[in-house]
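Q: This is what each chain is made of:
There are 2 protein chains.
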Amino acid sequence: MRLCAKLYTKGTIKMANFIVETSARHVHLTTATIETLFGAGHTLTNKKDLSQPGQFACEEKVKVVGPKSELMLSVLGPARTADQIEVSYTDARTLGLKAVPVRESGDTANTPGVKLVGPCGEVELSEGVIIAKRHIHMTPEDAKVFGVENGQIVNVKVASDGRTTVFGDTVVRVSPSYALAMHIDTDECNAAAAFGVVYGEIV
Amino acid sequence: MRLCAKLYTKGTIKMANFIVETSARHVHLTTATIETLFGAGHTLTNKKDLSQPGQFACEEKVKVVGPKSELMLSVLGPARTADQIEVSYTDARTLGLKAVPVRESGDTANTPGVKLVGPCGEVELSEGVIIAKRHIHMTPEDAKVFGVENGQIVNVKVASDGRTTVFGDTVVRVSPSYALAMHIDTDECNAAAAFGVVYGEIV
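Those protein sequence lines, which keep their order, are chains Z and F. Residue 1 is where the first sequence starts when you use our numbering, and the numbers rise one by one after that. Residue 1 is where the second sequence starts when you use our numbering, and the numbers rise one by one after that.
For reference, chain Z alone in the conformation it holds in the complex (with noise of 0.2 Å):
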């Protein structure tokens, strides 16, 4: 089922809401890193298709070999053209890495390196690892129902049992190729006590 945005009417105002999800951690891969890590020919098995079409989860696990310690995560398809590696502020504690900035997807220069480890090999990486600023992909009529443009930063409620929250600093993200949906990474679910089917509203 595609998402769009979903129009309602409070008081006499008409509002739109859109699902939040929550990422956790999770490693995107060249075709390249797949080879050395899951053998010569490796292609990614769909384990799950995501909200956003054409993505999905991987039956694919690779653990991830920070200063610290190291954490098992999972794969996320298809291919790209860059490894990224995208964590909590917890995550990133737990495996000793310093420094890592909040990035929207893609943008991952000068971000530390790790070491990816597979059944099959292992790849250190000189850079990649992000920690995923929150964002709302919408298509192009989406934005046009909720009055935004593509990279505007916006704010959205998020409300829930004793947590509520806004979410300042949210990047709008409109591609034809999307379906609607605000993604936040595990701390920010915390914090807003944002589990299970939960809404966001531009306010």
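Source of the hints: derived by calculation from the structure; they are not laboratory data. Watch out, some of these pointers could steer you wrong.
Repeated chains share a single entry, so a pair holds when one copy, or any two copies, can fit it.
No more than 27 Å apart at the CA atoms, straight line, and that leaves these computed lysine-lysine pairs for DSS-like [claimed, not checked]:
1. Lys61 / Lys133
2. Lys157 / Lys133
3. Lys68 / Lys133
4. Lys98 / Lys115
For chain Z, the structure is supplied; the task is to place chain F on it using the hints.
A: Relative to the frame of chain Z, chain F by itself:
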């Protein structure tokens, strides 16, 4: 140094702000529990005074044993009339504790229990584990400056580079024995990138 409400002017509007401190996981213990864990007649050793007058971090640590794993937690003094274990959602998941509620300090009825282990003994608590509800300590004089009263729920903006956040559901706690400071947990700190010396503002 006793912190107090600091007034400043933003345009023509008088604003006030306050320091936002992060409380990492910790325990408060009764005299009976202290003696069971650390030996008969033992009293807590002040390692460092905290912002709230009379409160201090102790040299003593206790092992908190959950169904899934265990964590060493700092003890905060002085002794209290009830044992209380304060964790984040991240910690609760690490320990394997389910259904830990967000509560104000002291409100431990019908919360999960846990086992505490010290160098001289252990205690099986039938309740006492909470996730602290975010709150602002203030004196009656501070409350007048902010125009709020004890128990009021307010929204607090914490500005940071890339993760500015408004924490709703923040309870105001007023007492002459308090010093002005907001307390959030480690998940909330990470969600707002509220590292170092950070200030909040009621919005």
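Q: Taking the numbered hints from earlier one at a time, note which ones the structure violates and give those numbers from smallest to largest.
A: none
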